[in-house]
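With chain A fixed as given, assemble chain B onto it according to the hints.
Protein chains in written order, with numbering that gives the first Met the number 0: chain A, 0 to 482; chain B, 0 to 264.
All clues given are correct.
With beta-carbon atoms standing in for the labels, derived distance ranges:
1. B:R153 / A:L213: 45 to 53 Å
2. A:W472 / B:E201: 41 to 49 Å
3. B:I194 / A:R33: 46 to 54 Å
These are computed hints drawn from the structure, not numbers from a lab.
Built from N, CA and C at the ideal position, the CB exists for glycine as well.
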Amino acid sequence: MPAPWIFLIVLALAAAGYLAGRLRALAVVGGDIRRLHSLPGYYGWQAAMLAALPALLVMGLWLLIQPVVVESRVEGMIPEAAQGASLSLVMTDVRRVAEGLDLAVSTGVMSAAEATGLSADGTIRATLGKLGVALGSGVTPEVLAAAKALRTAEATGRGAMAAVVLVLALAGVAYALWRIRAEYRARNVVEAGVRGLLLLASTIAILTTAGIVLSMLFETRHFFAQYPWWKFFFGATWSPNFRGGSDLGILPLLWGTLYISFIALVVSVPIGLFAAVYMSEYAGRKFRMVAKPAIEILAGIPTIVYGLFALITVGPLLRDYFAQPLGLGASGSSVMTAGLVMGVMLIPFVSSLSDDIINAVPQSLRDGSLGLGATRSETIRQVVLPAALPGIVGAVLLAASRAIGETMIVVLGAGAAAKLDLNPFEAMTTVTVKIVSQLTGDTDFAAPETLVAFALGLTLFVLTLGLNVLALWIVRRYREQYE
Amino acid sequence: MNDMRLEERIVQNDKIKIDAQDVQVFYGDNHAIKDVSVAIEDKTVTAFIGPSGCGKSTFLRCLNRMNDTVAGCRVEGRITLDGEDIYDKRVDPVQLRARVGMVFQKPNPFPKSIYDNVAYGPKIHGLVRGKAEMDEVVESALKRAALWKEVKDRLQAPGTGLSGGQQQRLCIARAIATAPEVLLMDEPASALDPIATAQIEELIDELRTRFAVVIVTHSMQQAARVSQKTAFFHLGNLVEYGETGQIFTTPRDPRTESYITGRIG
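For reference, chain B alone in the conformation it holds in the complex:
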């Protein structure tokens, strides 16, 4: 991994965007997440890595309260977004999800046109006035998702007709168009081929200039390539959290080292 020059990555911004303290998640009787505390910085890509079933996706879904939609799921602890507790009774989870967007593992474009897919968020949140402004929002979201050139001539074609990689970028554009502050990505490239994966990774690096990005990934190379901070999860515990360069070169915990060198997971 020498060519990645991990040591040179310096995290300039240290403003905390999301702060999780002693988070516990239960699915019925199953204690899925144990005592996880993470501070996610703004304008940074944070990667969650770990073997399958270690709870990294579950924890990600706590950050925008998507776990609320799962029956029998209970979250304890304190998670704040800009200092405000997101599990507070006064917080509307629907409004929260507009601020903390999410991109899923499998591309899930709506059965609508490409344009309507991107316009969906702005429309339901009333972010724009008039058609012209909407066109602008759609165009800029598609441009930032590096999809504009490929679809600008067929915005009315169904989003489901795109290739897998294009669909995933459409889903990213859809999430960006809602103007979130944080973007959560749950293994966004796991269903894609290497070229599409490279495009998505490049995109993630660009998105960092505007949002905090949290990405769950199975691929350690991907975490090393795109993230500045890395958190290693194992069996529902947060084992180690630190700068990506440090995690991959001088892990402090023996379990992290075992995982990174391929002995567990």
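Bound-form chain A, shown alone:
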């Protein structure tokens, strides 16, 4: 039975549990709900929760764990001799044959008995080929045997899962109904269940982060097993070469990243901040109503569109009117192009965050300053901005971590040449761009040239995480000052 069906049946059981729980609670007290501890609906909900939650939890775990168990069992079946190429390639073949057989059975080309009794002759490839399953080479007996084993193991696993999950759901309903008494505190049980659900939602986000970090860590370890870490962190040359002998120093990429982000911040922070000050302190209601959404439209533009703007407008403009007349180069893509366009992208980010923060400064502080005979701008400079500073610093650091992680604008605006240079009209590139270029195309996932992408990614992650933590720390540390 396929998983979606099981899921629907469990939900149906939960719904039935709700109705049954409600009715039973009413029956227990003979229809007089004043004698119940909780409203009848709560008895229904606790039955539904007991039916659905344990069953779905078990199902989720089962779906995660079963493939791992099955594959490791099947891998054991493949003899050493067949591992000639590599185990993962053979396993891909096995999986494909198994899928092909599944397809053949479900479309009626083969009967289930034929599929299990199949022997490894040359016809398999042709049969599966007709169904659109392309197999790389001839199917060896070992692969076929493994594929069959995979199919049986999976079928057994699925059957067992369906049985376990449905029994759990039924048992949950039965237990819930059995427990119902007039004095049973269903309301409190539902409360605990809701709390558990909320907790689950918040842990998923945390677990995902942990999962991402772990997967990056594993791959990075593989990379550092093949490439010395000091050459990665202190190497000043980036020239990957898939035939071997690459220089994979991060410094040119890091330099490009920081240089472009710096220019982006120099553009976006003053403009965004001044816009926020105008919006929150000076602008009339009418202007605000028009201008605030207009600024926020900027935030809605996809970065690839900014990239196009950099490529076809800003880049050539800077080259023709600044770089060439000043003799600083003839490159259409440059650090300056990417930095300026990225800065424009970040303006709404800085301004809307700062606007909210400035608005949160209590009006009483402004009154206090104005009441002492300060002008508006004195008040803003000496009272409002210092009070809002932690929040503004937080906003700027968040903008910085966005700038560091930006890819599209850099690809189109600054090019892909890794260079250590001070000239802002020179093409340079960033960590993110190189991650993309190392992982696109036909790549060998065992070569350091590919694995370096994970080391780059992890470095970037640590960098932005550090900035975010710093931002949060600053915001928290200084927040109480005016609350």
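What follows is chain B alone, placed relative to chain A:
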């Protein structure tokens, strides 16, 4: 109220500091203040009393043009400070507010150190030359606000870390340091406990030796304790204005009497 000896309070000084004639205030279409005329004397504490929403705070905010910062607020009539119309086009409201200081209902120290809070006004108005003179101004303002003893060892600590009563005295010190001629106080003790309130009231009485003080208060006892003149506002009208002793013992208007005896408000 016999122990307060209200009858004995004699107002010696009768120089008019602020003179308001037929003041009207509108918030949009709402006519908040109607035909109010008050003459506020120098070196005197004048109390504005009245039920909530009667316009006493609104009127107070007209005296240093703080209402200018409220959108949709319009003030008509004539208010003079030392004979000069403060709503005249030539008057800079920012400069005016340096001469007519204000203390607010809720203590609102800036998120700066105690020292910088007091030094704020003198600094923006360029009243002092050099650090030594500033130290003197800060010290004397804090002393006059009866806060010096409590904070002299921690002038660099944040002003927001003080207790509510101390914060309010810090705000008074901040207002004094700017050397105003008039001090407006909008319910300065309403957020404070009785002990802090008593300290503030004592302070107000001392401040009278240097400035004209105008205080808005909800508490009639407070008005009776600290003021020499009292104005009673009701529904945007000035009902009665006179010496505090007279207002509290022999009010002329029946509405004043009702309010003072607790029948309205």
